[in-house]
Amino acid sequence: MLRVKNLEAGYGPLKVLRKVSLHIGPGEIVTVIGANGAGKTTLLKTLSGLLSARGGEILFEKKDIRRLPAERIVFLGCSLVPEGRQLFAPLTVRENLILGASVQYRRKRQGEVKEDLERVFALFPRLKERETQLAGTLSGGEQQMLAIGRALLSRPRMLFLDEPSMGLAPRMVREIFVHIARLRKEFGLTILLVEQNARGALGVADRGYVLETGRMVLQGPSEELLSNQDVQRAYLGRSPEGDA
Amino acid sequence: MYWEPDRECMDREELEQLQFERLQSTLNRIYSHVPFYRKRFDGLGILPEEIGSLADFSRLPFTAKEDLRESYPYGLFAVPLREVVRIHASSGTTGASTVVGYTRNDIRIWSNLTARVLTMGGVTKDDVVQIAFGYGLFTGGFGLHYGAERIGASVIPASSGHTLRQIKIMTDFKTTALISTPSYAMLVAETIREQGIPLAALSLKYGLFGAEPWSEQMRQEIQEKLGIVATDNYGLSEIIGPGVSGECREQNGLHINEDHFLVEVVDPDTLRPMSDGETGELVITSLTKEAFPMIRYRTRDLTSILPGQCPCGRTLRRMARVRGRTDDMLIIKGVNVFPSQIESVLFEIEGTEPHYQIVIDRKGGLDEVTVLVEVGETIFFDQMRRQRDMMEHIRKRLAHELGISVEVKLVEKKTIARSEGKAQRVVDNRKL
Chain A
1 MLRVKNLEAG YGPLKVLRKV SLHIGPGEIV TVIGANGAGK TTLLKTLSGL
51 LSARGGEILF EKKDIRRLPA ERIVFLGCSL VPEGRQLFAP LTVRENLILG
101 ASVQYRRKRQ GEVKEDLERV FALFPRLKER ETQLAGTLSG GEQQMLAIGR
151 ALLSRPRMLF LDEPSMGLAP RMVREIFVHI ARLRKEFGLT ILLVEQNARG
201 ALGVADRGYV LETGRMVLQG PSEELLSNQD VQRAYLGRSP EGDA
Chain B
1001 MYWEPDRECM DREELEQLQF ERLQSTLNRI YSHVPFYRKR FDGLGILPEE
1051 IGSLADFSRL PFTAKEDLRE SYPYGLFAVP LREVVRIHAS SGTTGASTVV
1101 GYTRNDIRIW SNLTARVLTM GGVTKDDVVQ IAFGYGLFTG GFGLHYGAER
1151 IGASVIPASS GHTLRQIKIM TDFKTTALIS TPSYAMLVAE TIREQGIPLA
1201 ALSLKYGLFG AEPWSEQMRQ EIQEKLGIVA TDNYGLSEII GPGVSGECRE
1251 QNGLHINEDH FLVEVVDPDT LRPMSDGETG ELVITSLTKE AFPMIRYRTR
1301 DLTSILPGQC PCGRTLRRMA RVRGRTDDML IIKGVNVFPS QIESVLFEIE
1351 GTEPHYQIVI DRKGGLDEVT VLVEVGETIF FDQMRRQRDM MEHIRKRLAH
1401 ELGISVEVKL VEKKTIARSE GKAQRVVDNR KL
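Going down the list, the protein sequences come from chains A and B.
First residue of the first sequence? That's 1 in our numbering, and the numbers climb one at a time after it.
First residue of the second sequence? That's 1001 in our numbering, and the numbers climb one at a time after it.
Looking at chain B on its own, in the form it has when it is part of the complex (with noise of 0.2 Å):
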């Protein structure tokens, strides 16, 4: 299933050229309205006119978060208020926040691109989309509900929060497809479970989860759990919010609406682009945006291009599952470290639970990490053999993995606090 087949589906020569065209207006546009843009460009002393190929424009300076801050709030905006019909802003969960800001043409764009992201996962006019997450300055929960409305489908914006609230909509309304976190949708599907409600229960077919890392394992949690398809989405509200690529039924990478964003991969340090297939910053260029355009964003968000076709039958290229953001790399006794790595041994081993959090703590210069993991009650109470057991193996299991030697700490179901947006999997005591 398809939304925009004729885009999804474009002869690759095609839609370079489409790119390029796009490409080549948002430049001439930006460097006319956006005094920032205008500077950077002088500086360099580039004309927009002058770019006549990709590799030309990878003369082109980077955007990074920190330009978005200093332009707060409307610094960035290539268009006057008056042609602003919306304004959301970043959580700013690591700084100050962002501010962006759409036309009316781009919530139209924004819609269609979020249609097909939920096509891809399986939504049609005939669901029951429940949307858990946040409505307000987060664009994840306006943004997908836009394409849901689009694609006909019947929207419950339930908003984030309130779990038991969620999954009684969610039984009595029939709910057929759930927009969140992946955290959240454990938390949902824990709370079931809890609940003593059978998955008989529940119409879910599908869910798409976004906005967070997450890992193949727990995808596979998730999918048993709720009895559902789960694909990944991804997007960011500096680019447009949701839609900037997501996960077919393949779950096999999240295709690129690539008519609408340029992509590159390029090494955090050196700035030099990755080839296909190895990991990198990515970054995105704004190929229609009005309002709030944006040349060579760094996402931080850590991906890699996938070579090859998708069986799907779409020919835009496919980004990996995020692995994690530039700046929450943890560097533990110098060593690069994802929290996504972690957690992809927890869900590997019997009777833990996937609930975790890594601590980190400084003591005496050295680096030392302790990670909790809660585990199922079954074994936790007057086993300590087992205990001890179990604590040695997923030692020696994310020691092999990381390559350095962790603290393994079993906690008590519950004893890790729940989230309902994305999840704290990291507290750093180092005060770095």
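So here's chain A without its partners, still in its complex pose (with noise of 0.2 Å):
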């Protein structure tokens, strides 16, 4: 669904991205794990026109979309959940969710705008709950599932996911998870995850990539990666001697 390849990306005479190559087939989960400053955000920048390409090629069904600009990728099905959500706080949550809708307007097909805010709200409950409250008095878990539903009032075939996790309370990473399953079950949605929290995106994803300083260093199922001893000391703090 998606092919990446030889992908180059920076800022200023800072390179970052470094022929980095990936693909994810129709319905797949896949994660890119890496530390801080591996390049993660760079990457989905790049991949959702936010930040153009200094080189390498994207294809999204087999159409090259690296030069498109940022509407235009989310026009072809493709919607980016930013990291640290960027919500408009002073808004409310039904208002930030009908924000996301705009391209369903530009597309004429308004008409599913209110088919989809329900599907939402089924989704996470608690934001119909907190329909009518401010996004800036929402708990950070809430915020995620807004920022989540917002991407998906665009009516997106593709999600990519910046660090879903982030600073969230350890119950609420484990609930964003699950979420996260439940959007290619339920939403049919081909998911990228980018994320520090190595076991639980390789728990959700059936694949997963290394980034290592902007450089993919291993990929394969989530299952390899976990038992990969680099994988193990780097990212999910544990050392090789005391795995079973």
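What the hints contain is simulated information worked out from the structure, not anything from laboratory work.
Where is the CB? At the ideal position from N, CA and C, for every residue including glycine.
Watch out, some of these pointers could steer you wrong.
With beta-carbon atoms standing in for the labels, derived distance ranges [what the hints assert, rightly or not]: (1) B:Glu1250 x A:Leu14: 51 to 57 Å; (2) B:Cys1009 x A:Thr92: 49 to 55 Å; (3) A:Gly25 x B:Ile1087: 56 to 62 Å; (4) B:Ile1087 x A:Lys63: 28 to 34 Å; (5) A:Arg106 x B:Glu1004: 40 to 46 Å; (6) A:Leu59 x B:Glu1070: 39 to 45 Å.
Taking the hints as your guide, dock the two standalone chains into a single complex.
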């Protein structure tokens, strides 16, 4: 569904991504794990058109989207749930969600918005409860749900999730990963998940990539990465000797 | 029957993307983990992150057997030893041995790949698999053992040798699949015949043979004598062991597990790439190995990439059966000769046994080749004329095939030493 080859990106003189290649098949949940500064957010920004790539190719359903503007990429069906949620604090939950639907108006499918709202509320009943509350008053977990919900209102086929578990309480972290699995099951979404929480991400993903200082160093099925000793040492905080 | 249909029948474009991603990860990893490769890349001024295509990749240096020997024992390992769960070593038939290692993931992938190869050859969970490869430092026994277990077959780790006992196991345990070298399968077949055991006493259906070159004629002979479907499989310890490639039941070349190995065929002298269908030296790069990755390893095995699609449905490309090794190519009177060519001729000749030895001497600066051929008892005694005719016939056929004249000597059955592992086909007395 998405195929990336030799992607290069950076800021000013700074090279961040160094020939990064990856692919995601329809219906897959794929994660990119890596430490802070590895280039994970840069990768998602580049894929979603917020940052222009300096080299390589990005094919979405065999169409080259590398030079397309961000709103065009959303229009084609790829939505980003940004790091730090980026909600409009003074707007209500409902208003924030509706903002995500703007592309549906451009597609002349505004008729679907109401139905989509109901689906989001069914997925996250807590958002329904807080429908008229201001986004700024939500807890971290609720804000993350809202950010995901807003992306769903654009009727994407593919979702880019940037560190959805960041800054959440442990119980909430588990819940968010459960929701990610539901996004595939109930919404039929293909998901690229970027995470520092390697254990949680590999727990929900089919496959994973390990990004280190802008370079892919490992890739494989989640269970293989979980038993890789480099991954255990660097990202799972476990000494290989202690592993049964 | 496929073991991993989503991989074995993968869309070529998707497969190439996967290969490329895995290649980039492997290069990034070895550059930071293996000083040998880092030094080489630095020496050429190449950073792994600059490799953006297969054309870039072909700028990387080859790795040779000598590099492995110089790194003996652990110099090329990409992980610390505490992450290694298995160590194998090559026998070193032609020199010092080389040591290879596997992480837990490597073993898992290896088992999966030999499971693929076994499935291609017909093995299912309902089979009783007798593995007559050596269990030990040699990768053959353990590699196929794990794959057969992975499939769920009933595995008999018979190991090599003790032919009479092997045959007793085969009949008593109702073995349905035999795994060995082709020359050992020949010995088993012959012994069964000598013991007067009828084919009906055997339950054998499949034979998967590898670890040495063999000819199509030899396949026919084994299939006939054992009443089985015989397929070829290929691997080498430096890359992983068995599981690099294997024949499906179409018997028309070995499907390469390309999602784990990137193969090239090059001219062994000029190192230039060969086109599909042209024979050259096989060069392999591992794409998923953790403990012992290999970049552009020169296997010394001679083969070609077969053009076209296999009717079995697999999209994995096929290589021709290995026709010899660059280092067992004999240069006789300036002509390149492969033992496998001689074998093919002998198999076509009625009355000869599938056992032969090539003896090379140098007398007065000239190479002299004698091919010892075993013949059946029926024609050996009191039939001098038939013998002479036969020798003449073989000589002519060999001269025609090889382009040089060789001596032919007929010897009695069982004169040539039998091997339980890899057969010793050539005795070179020239001390070159």
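Here is how each hint holds up against the structure:
no. : hint                             : result
1   : B:Glu1250 x A:Leu14: 51 to 57 Å  : 54 Å, holds
2   : B:Cys1009 x A:Thr92: 49 to 55 Å  : 51 Å, holds
3   : A:Gly25 x B:Ile1087: 56 to 62 Å  : 36 Å, violated
4   : B:Ile1087 x A:Lys63: 28 to 34 Å  : 49 Å, violated
5   : A:Arg106 x B:Glu1004: 40 to 46 Å : 43 Å, holds
6   : A:Leu59 x B:Glu1070: 39 to 45 Å  : 43 Å, holds
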